[in-house]
Amino acid sequence: MWTSRFFCVFLICIVFELNISEYSASQKVRKKSRKMSKRQYIFRRSQTNLKSLHDSPLKLDVALKGEKNKPVAGRKDPSLLKIALRQQVDNLVSNMTQKRQKEESDIVHELLLEHPFYKNSTRIGIFMGKADEIRTKKIIKDICNDNKQCFIPWIRPPDGPEDKPLMTFLKLDYEDIKKFSRDRDKVYVRLFPAMSTDAFKYSGKGLDLVIVPGRAFTRDGKRLGRGDTMWSKFLTYFLKKKFPNCKTLGLALSCQIVTDMPMDKHSVKVDDVIYADPEELR
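Heads up: the sequence shown is residues -26 to -1, 1 to 256, going by mature numbering (1 follows the signal peptide of the UniProt record, and there is no 0).
The hints are simulated quantities; they were obtained by calculation from the structure and are not laboratory data. Each hint should be verified, as a subset may be incorrect.
Unchecked claim - Keeping only pairs whose Cα atoms sit at most 30 Å apart, straight-line, the calculated DSSO-like set for lysine-lysine is:
| no. | residue 1 | residue 2 |
| --- | --- | --- |
| 1 | Lys179 | Lys216 |
| 2 | Lys207 | Lys239 |
| 3 | Lys215 | Lys239 |
| 4 | Lys93 | Lys175 |
| 5 | Lys179 | Lys73 |
| 6 | Lys104 | Lys207 |
| 7 | Lys175 | Lys115 |
| 8 | Lys179 | Lys239 |
| 9 | Lys145 | Lys111 |
Taking the hints into account, I'd like the entire structure generated from these sequences.
Below is the structure:
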């Protein structure tokens, strides 16, 4: 009799422990699910309020605010909003016709030539525009024809000196530059002439102006890159520290202009941004 009672009590204890374990496990799953749901909500929220291409600049005030209208800087993970913003801009740029991209590039080209940063500079660094960016080939040609020195970004080999910036600028003539592909990714494998001059290595003069690409910009100069931090690190940890007098100028398509964006330790503002006003193209 006592044996059967003891056995019953033993079974009850086992069942009770199993229930406790299952409850704890379910609570952990629910807690994790709530965290994921919150992240997914933030991501989905940042996808809202998109404007069409012709309504650029993008109005992302709601997307870049929290539930209580707190700025993005207060969020623990602004990278989620950066990812969402890149996707938004990618979609808008991919829907842009070649004709419109050329029209906007021509307007930006004209505005750049009249900009005081350009007029007051003799040593200019400029990116080779990718297919989804402002076209820069004509700008590069004008830089060379205006008796200014043109420098193109070059990525150092991964096994290069650790005390050197990963990216620098090399001086080239237009005849050399026009041989290159418009795809800026070629900068990683581009073969430069052996005697190309590094803008920062020998003379110590640096550059007067660096024309910067970006995935998105705000009117006051905030910049969002493609996520590889190559340009951000160059601007933040090298150019602005060692050559603080060098001006930086962003070039953007109209759909790449946003009202605000999250910033982090690698983020840096450019001194000015040039883009085509959509009203001029209607």
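Hint check:
| no. | hint | result |
| --- | --- | --- |
| 1 | Lys179 with Lys216 | 11 Å, holds |
| 2 | Lys207 with Lys239 | 10 Å, holds |
| 3 | Lys215 with Lys239 | 15 Å, holds |
| 4 | Lys93 with Lys175 | 25 Å, holds |
| 5 | Lys179 with Lys73 | 39 Å, violated |
| 6 | Lys104 with Lys207 | 20 Å, holds |
| 7 | Lys175 with Lys115 | 24 Å, holds |
| 8 | Lys179 with Lys239 | 27 Å, holds |
| 9 | Lys145 with Lys111 | 15 Å, holds |
Checked against the numbered hints above, the structure breaks only hint 5 and satisfies the rest.
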